[in-house]
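Enquirer: The primary structure of each chain is shown beneath.
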Amino acid sequence: MFLPGTLDLLILKAVSLGPKHGYGVLLRIQQISGDALTIEQGALYPALFKLEGRGLLASEWGTSENNRRAKFYRLTPAGRRRLREATGEWDRLAAAMTSALAAKAEEI
Amino acid sequence: MFDVISVFLRRLFRRNQFERELTEELGFHLDARVEDLVGRGLDPKEARRRAQIEIGVRVAMGATRAGILALVLRRGAWLVVIGVAAGIAASYPGTRLVRHLLFDTVPLDPAAYAGAVLVLGAVAATASLVPALGATRVDPAVVLRGE
Chain A
0 MFLPGTLDLL ILKAVSLGPK HGYGVLLRIQ QISGDALTIE QGALYPALFK
50 LEGRGLLASE WGTSENNRRA KFYRLTPAGR RRLREATGEW DRLAAAMTSA
100 LAAKAEEI
Chain B
0 MFDVISVFLR RLFRRNQFER ELTEELGFHL DARVEDLVGR GLDPKEARRR
50 AQIEIGVRVA MGATRAGILA LVLRRGAWLV VIGVAAGIAA SYPGTRLVRH
100 LLFDTVPLDP AAYAGAVLVL GAVAATASLV PALGATRVDP AVVLRGE
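In order, the protein sequence lines correspond to chains A and B.
Here numbering that gives the first Met the number 0 is used: the first residue of the first sequence is 0, the next is one more, and so on.
Here numbering that gives the first Met the number 0 is used: the first residue of the second sequence is 0, the next is one more, and so on.
Mixed in with the good hints there might be a few duds.
To be verified - Examples of chain B residues toward chain A, derived with CB under 10 Å: (1) LEU21; (2) PHE27; (3) ASP35.
Unchecked claim - Here are the in silico distance ranges between beta carbons for each label pair: (4) SER15(A) <-> VAL37(B): 46 to 54 Å; (5) ARG49(B) <-> SER32(A): 17 to 25 Å; (6) ARG73(A) <-> GLN16(B): 39 to 47 Å; (7) LEU2(A) <-> GLU20(B): 28 to 36 Å; (8) LEU2(A) <-> ALA115(B): 42 to 50 Å.
I should point out that these hints are in silico values taken from the structure, not numbers from a laboratory.
All C-beta atoms in this analysis are idealised placements derived from N, C-alpha and C, irrespective of residue type, glycine included.
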């Protein structure tokens with residue numbers, strides 16, 4: 000349902016708005032996309048695992064809203080850079096798609 | 000780079016702890032999801048069953064054995080490349096110290112360098128293959144049930 004790399008980008012964005020545990024990342028993505036995007040729960044943890052392995056996220060154990068031990072993720076400086084680059088790439092792709100789909104015969 | 004190495008070392012030397020943390024992380028997720036579903040009026044038993052299915056299916060399907068193996072080995076390979084580069088750089092000044100001890104060989108003997116790299120590379124490959132094979136044997140169903 001997603002283009003490759005979109006899940007990573009959404010996760011980086013969600014975490015950039017403040018450290019979150021895995022379940023919080025899911026809820027935040029739903030929230031900031033106006034409930035239009037739902038991440039499959041099982042796809043989330045492999046993605047977090049990979050992003051942490053690539054040094055884009057760092058994690059530490061903390062206490063959740065309901066007072067339980069939870070693993071919180073935050074952006075590393077490399078993650079922040081990657082988020083900026085990927086956002087730019089996405090904007091260019093979206094603009095190109097919009098312009099391509101809006102093309103009319105008489106303009107060509 | 001530091002982050003990557005520290006994550007790798009943590010997984011290599013503290014695999015039990017890593018698995019325990021993964022179990023706890025998924026357990027936290029399950030409980031939070033169950034609470035949400037119950038909050039929406041689902042029966043607790045049904046809520047837990049559904050939460051387990053939601054998270055379990057893709058964990059089980061999402062990662063192939065070969066994929067996990069490649070992931071762990073790639074990390075190990077990176078460390079080897081860094082080590083080889085650092086070793087060669089450090090050994091060059093070292094040859095000057097032992098020059099007068101060498102018999103019948105030149106300080107920068109290519110065969111000696113290649114031999115050392117091959118032998119130590121084989122050791123490193125074995126060292127990263129063992130935890131990599133272990134990682135492929137983690138059964139997601141067991142991780143999910145072991146709460």
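Enquirer: Work down the list of hints and note, for each, if the structure agrees.
Expert: Hints versus structure:
Taken as an interface hint, LEU21(B) checks out: its beta carbon lies about 8 Å from the nearest beta carbon of chain A, inside 10 Å. The criterion of a C-beta within 10 Å of any C-beta in chain A is met by PHE27(B), whose closest approach is roughly 5 Å, and the hint holds. Among the interface hints, the one on ASP35(B) holds; its C-beta lies about 9 Å from the nearest C-beta in chain A, closer than the 10 Å criterion. Look at SER15(A) against VAL37(B): about 31 Å separates their beta carbons, and that is not inside 46 to 54 Å.
In this structure, ARG49(B) and SER32(A) meet the distance hint of 17 to 25 Å, their C-beta atoms being roughly 22 Å apart. In this structure the supplied range 39 to 47 Å is violated for ARG73(A) paired with GLN16(B), their Cβ-Cβ distance being about 20 Å. In this structure, LEU2(A) and GLU20(B) meet the distance hint of 28 to 36 Å, their C-beta atoms being roughly 31 Å apart. A C-beta distance of roughly 46 Å is found between LEU2(A) and ALA115(B), which places it inside the suggested range of 42 to 50 Å.
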